[in-house]
Structures are given as C-alpha cells and as structure tokens.
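Chain residues, written in single-letter form:
Number of protein chains: 2
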Amino acid sequence: MIQNDLLLRALKGEKTERVPVWMMRQAGRYLPDYLKLKARYDFFTRVQTPELAAEITLQPIDQVGVDAAIIFSDILVIPQAMGLQVLMEEGKGPLLPSVIQEQKDVDALRTDTVEEKLQYVMDALTLTKKELNGRVPLIGFAGAPWTLLCYMVEGKGSKTWDKAKEFAYTQPLVAHHLLQKITDITIQYLKAQVKAGADTLQVFDSWAGALSPADFKAFSQPYLLQIASALKNDAPVILFPKGAWYALQDLSESSAAGIGIDWCISPQMARTFTNNKITLQGNFDPSKLLAPIPEIKKAVKEMIDSFGSQRYIANLGHGIMPNVPVSHARAFVEAVKEYRVP
Amino acid sequence: MIQNDLLLRALKGEKTERVPVWMMRQAGRYLPDYLKLKARYDFFTRVQTPELAAEITLQPIDQVGVDAAIIFSDILVIPQAMGLQVLMEEGKGPLLPSVIQEQKDVDALRTDTVEEKLQYVMDALTLTKKELNGRVPLIGFAGAPWTLLCYMVEGKGSKTWDKAKEFAYTQPLVAHHLLQKITDITIQYLKAQVKAGADTLQVFDSWAGALSPADFKAFSQPYLLQIASALKNDAPVILFPKGAWYALQDLSESSAAGIGIDWCISPQMARTFTNNKITLQGNFDPSKLLAPIPEIKKAVKEMIDSFGSQRYIANLGHGIMPNVPVSHARAFVEAVKEYRVP
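Residue numbers (my numbering), protein chains in the order written: chain S, 1 to 342; chain U, 343 to 684.
Bound-form chain S, shown alone (with noise of 0.2 Å):
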C-alpha cells in the first residue's frame, strides 16, 4: 500500500485532498548529493548500477519533498538495447557513433533482448519500490518514438532537428518502420518496468515541438496513442509532448490518464483544449525556479489558481537546470503543499 497516492488518484480523476508535486530530472542535476556520485562514477555506471540509480531516485523524495519518485535512467537505454552504441560525455550530451540512415539499418535493430538487457532498470525499480517502503509512488519512463528517432538519426543533440526531419520526408517509410520498432520495444519495456515495481509511467516526448502540426499527426500521435492504448490496464500513463500544445486536444482523447504540459501555454488554454477532460501536469518554466523564493511561491499560487486543484499535478514545464539551489527547488514544493484546496 501506498501511504502517499496523491498522484495516483489525481491521475485516476479522484478527489485530493492537496495537490501532488514533483519535478521533472529532479533525481540529479542539481543536488549536492547527486554531484558528489557524478564525481566518482561515470554516466551510465550511474543508470546501471541499480544500488546507485535506486539511490539518486531517493534523494529529492527525502531532500526536497516530493510526492513521487522517478526512476533515474535515460531515455536511450532503448536505443542502447536495440544495439546502437550511445556515448555520454558529461556536460556535452549523448553521441551516438552510429546512426540510423536506411532501411538496412532500421532492419539490423534488435527488439528481442528488451528485458534481459535492460535487466538493471527492473532491478533499479524492484530496489527502490522495496527502499520507498510505499512512502510514495514510483514513475517509471521511457522516450517517445519520435524523440528517439531524432537520435537515432541526428547521433546528437541538434537545435532544428533538419537531419531527422530531413529522413522523414525523404524516406517516410523507413521513417515509420523504425518508429513502429521502437514502439513495439517501447511497449515491452514500459510493461517489464510496471511489473518490477513502477506504479505510473511517463512518456517524454522532448522533440515533438521540433514538428508542425501536421508532421506531429504524421509521425509521432500515433505512436504516442499505440503506448497509452498498450499500457492502459497496466498503469496510468502520462504523455508529455513538449512544445505539441497543437495536439492537446487529441491526446486528451487517447487512453492516456494525463497530459504533461511547457510553459508555454497558459493553464486556461490547456484547460480548454483538452475540454477539462484529462489530469494536465506541469507547468512552471524552469527558469523561474532562479526567480527570487517569494516570486517563486506567488507564481506557483497563481499556477494552481489557473490549472484548479483537481485533476491537477504540480510540476515543471520542462527538467529541472543544474542550476537551480536547492532552496529554490524546496520553494516550490512547499508552494505548492501550502496552496489551501477549497
């Protein structure tokens, strides 16, 4: 039994009593504890080590006081298990040597080893679920399909994303081959995480604002909509189409149980376009986290004030920055369990 389920019940549409708060890359980043693991051990010892990663996931549950956990990991785990190499270097972003060109490619893709090489993820979660001690839930995640493409073909960070983009209007096929790949493994992979111990799961869809509305409808809603219909007896699952505030309204309709919003778009408007059918999560800009703590307290007010305090989940609009102080980071979650529900 979970002691805490605030999140769980916002997601399910039920009454709470307080609104739910955590922050999205809060395991990490911008914890002194967190640094002083970066400095011993590298990047991916770090997500593979489930002592280590059940650790980091810990910390901001005890040091900032969050309502819920999320496993800390990466996205690219499942390119790494499709077999593609990905390199992290500390400051600078993944690389990924190889990249996705052809059809070829897209068809040397493993999809069959999912849950034995991501074994280290299932015992991250069974660890940490068993360290929780049902304290709080625990958000398991994965990438969207089309957030994944883009490193898959870019083999880097990129500001416009044209190399990805480019590959999908030349060769739109294999464009959809390797997303239905990656779906397939996806939907693997999420099912694996609930059954070791995620009671909620997260898509992150960090590209998707890369793509007109058009394109968005084209190559990444479907896929989106395929995991939320795959997971849906399995867990309640969020998806976050950074920057897809076009899409809204179609997501709000897809069998996902709740919708994670930027901050680029007002809490009203949100409200609207998803016809206040869905529990939204978000929206405060990263950036006002290095706002003074009294702007930080009055905007958080004003936030809860605009998305209403049912069907409603506190977060960022986007990961938390490395430079963010701690106490501004506790400002905001102490916002947020002041704020008086009617």
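Hints were generated in silico from the structure; no laboratory data involved. In this text, all values refer to a predicted model and were calculated from it rather than measured experimentally. Using N, Cα and C, we set each Cβ at its ideal position, and we do this for glycine too. Each hint should be verified, as a subset may be incorrect.
[Unchecked claim] Have a look at the derived ranges for each label pair, beta carbon to beta carbon:
| # | chain 1 | residue 1 | chain 2 | residue 2 | range |
| --- | --- | --- | --- | --- | --- |
| 1 | U | Pro514 | S | Leu35 | 24 to 34 Å |
| 2 | S | Leu95 | U | Thr502 | 12 to 22 Å |
| 3 | S | Asp305 | U | Leu437 | 40 to 50 Å |
| 4 | S | Lys92 | U | Gln445 | 29 to 39 Å |
| 5 | U | Ala381 | S | Glu89 | 24 to 34 Å |
| 6 | S | Lys156 | U | Ser571 | 38 to 48 Å |
| 7 | U | Glu393 | S | Gly83 | 28 to 38 Å |
| 8 | S | Gly93 | U | Lys679 | 34 to 44 Å |
| 9 | U | Pro439 | S | Pro32 | 23 to 33 Å |
| 10 | S | Glu102 | U | Lys679 | 50 to 60 Å |
| 11 | S | Thr111 | U | Met663 | 30 to 40 Å |
| 12 | U | Ala381 | S | Gly93 | 43 to 53 Å |
[To be verified] Looking from chain U toward chain S, a few residues come up when the C-beta cut is under 10 Å (computed):
| # | residue |
| --- | --- |
| 13 | Met611 |
| 14 | Asn625 |
| 15 | His660 |
Given the coordinates of chain S, work out where chain U should sit on it, guided by the hints.
Showing chain U alone in chain S's frame:
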C-alpha cells in the same frame, strides 16, 4: 514606383492576384555566390560595407525569384551601436564579451548616435533601393527588444535563455529600463531605415518562445506594440514573435500590418487566433526544404489552401538553413507563383 508591389498590397489588405513570397534569411547562407563573398570578407565587413550588403541583398531576387529584398544585416548592430562589443565567429554564432548585469550597465548604453553609427545600414539601403530600380519592395528590419536583451545579458546564444530570464525575474525594473532603452533606439533606427529606402519593416522576436504567456506579456509584448505604433505612419510593420502563438490575438489588435508565423501552428489556427483581421506571413517548416521537390510543391499548395490567398505572404516559419539546395529554395518560390488564386 515599385513594379512588383504584391508584398505591400498584401500588407495593406488589398487584393493580390498572386501570393507574394520571400524567405527569411534569403540573403546569404545557402547561396553559392554568397559563400564566395563569405570566403573573402568576414561577417561584419559584409554587413558594414554598403556595396557588399547590397550585392548580397540582391542575389536572391535574381537567383531565386522572390518578391521582396530584405537588407543583409544583423539584429546585433543595435547592441553594437549602444556600445557593446559584438564578435561573430563563423559557424559559432555571436559573442558579446561584456554583458549587461545591473542598472549601471544599462545606464552606460548609448542611444544618441544610432543614425551616425549605423549610417552604413542606411547607405546599404539607399544603394540597394537604387539598384533594385523598383523591381520589388525593400524590407528593413530590427531585433525585438526582448530578443536583443537575451543576447545582451547572456553574451551568446542559449537553449534556455535562463540567464536572461533570471535577470528579468530578479531585477525586473532594470530589465524594463533596458527594454525601454532598446525600444527607443529601435524606433529611431527603423524610422531612419524608412528614410533611407526601406518600404516595409520586420521586427524579429526570435526568442519570444522562451517565455511563458504571462512573461511574454510582461517583457516582450509592450515593446513590440510601442514599436508598431511608433512606425505606423512610416511603413507597414511585420511582427515575428517566434514561438509566441499564444500572443497572436493581442498582436493582431496592434498597429502592425502583418504578423509572421512559425511552423508550429496550423494556418487555420493562426487565422482563428487573429480573427482573420491581419495579414499573416509564413509558415513553411525550414527543414521541409530538405524534402524532395514534389513534396515541397505539394506542401506549399496545402499551406496556401489553408492560409487563403489574400492577406497572406508566403514565407518560411524561420530562416532558411545553410544546407538547403538552391534548387529546393527555387522550387518553394515557384510553387507559390504557380498557385492559382481563385
């Protein structure tokens, strides 16, 4: 007299027998003749030598067939004229060694010598106007105050503009002083551009989309409205608030003649948000110029069908990318010209 005044008529809301077309960043980047000049002269030599700027401005008129010329220059000439050093490393973007951090830095900025210091822009406009000989209109431009603040505070490009936002959140009065100072000089600068030969003006708010709707309304919109209002009797103004789809309604009620639209909104939505009140410009995904030519032509037709052929200027949703083949840029322009207006 201007022979091809389609652009100006579209901005006035007059009937156009064909959709006018130009491309942001059309002068430079992808054109082989530009690359030859780039190999011989550094960036600010190209910008500050009227003969070079005029030659670069004219290249796409003859070579790609666009319906307007936009003066080859840079938005960072304003911070330069205000006394900040701006370095431009090829392929690396701008670098401002001294940044704005507090009120005394704002106080030290000059606003009295813009016409003198930027005389080379006026000379380039006058020379280009003469060489155009009335073929097509000449567009002048400036950066929006918020976007210039971003560079003046960060000192270089950023994914998140979190330093600029931190500055605005922690020292809002200083930020507003800076924004007003940039606004005042920008109005002087744009008026001088009209006197020197610009037929219309575009204001680039390239980093509007970093802001939440509430912060855009606080830190960008008032200054865009001031600029549009101050110039309304001088020349038609096009505002391009990249990413700020949420502000389209407010901006459609401003003194601007047109609004530039990025590709992350459907034409129908853009028309709805602006109540069919104002001329819209855009919004082809720049990456889609990497698609096969038949796909480009098909997408252009769909775009015009959706915007409608009146009160409309075909353009990209952001600047053309350096890796676009010239034949693809030409196909984009041709497709607009081939569109049969009912």
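Outcome of the hint check:
1. Between U:Pro514 and S:Leu35 the C-beta distance comes to about 31 Å, which sits within the given range of 24 to 34 Å.
2. For S:Leu95 and U:Thr502, the Cβ-Cβ distance of about 21 Å falls inside the hinted range of 12 to 22 Å, so the restraint holds.
3. Separation of S:Asp305 from U:Leu437 is about 42 Å and conforms to the stated range, judged on CB atoms against 40 to 50 Å.
4. A hinted range of 29 to 39 Å holds for the C-beta pair S:Lys92 and U:Gln445, which are about 36 Å apart.
5. One distance hint, 24 to 34 Å for the beta-carbon pair U:Ala381 and S:Glu89, holds here, with the actual separation near 32 Å.
6. Between S:Lys156 and U:Ser571 the C-beta distance comes to about 44 Å, which sits within the given range of 38 to 48 Å.
7. Under the hint 28 to 38 Å, the C-beta atoms of U:Glu393 and S:Gly83, about 56 Å apart, miss the expected range.
8. At roughly 42 Å, the beta-carbon separation of S:Gly93 and U:Lys679 lies within the given 34 to 44 Å, and the hint holds.
9. At about 32 Å, the beta-carbon gap between U:Pro439 and S:Pro32 stays in the expected band of 23 to 33 Å.
10. Restraint check, S:Glu102 to U:Lys679: a C-beta distance of roughly 35 Å breaks the suggested window 50 to 60 Å.
11. Remark: the range hint 30 to 40 Å for S:Thr111 to U:Met663 is upheld by a beta-carbon distance near 34 Å.
12. The hinted range of 43 to 53 Å is not satisfied by U:Ala381 and S:Gly93, whose Cβ atoms lie roughly 31 Å apart.
13. Taking 10 Å as the C-beta cut-off, the interface hint given for U:Met611 holds, the closest approach to chain S being about 7 Å.
14. Given the 10 Å rule on beta carbons, the hint for U:Asn625 holds: about 8 Å separates it from the nearest Cβ of chain S.
15. At its closest, the beta carbon of U:His660 sits 8 Å from a beta carbon of chain S; the interface hint therefore holds under the 10 Å criterion.
Checked against the numbered hints given earlier, this structure breaks hints 7, 10 and 12; the rest are met.
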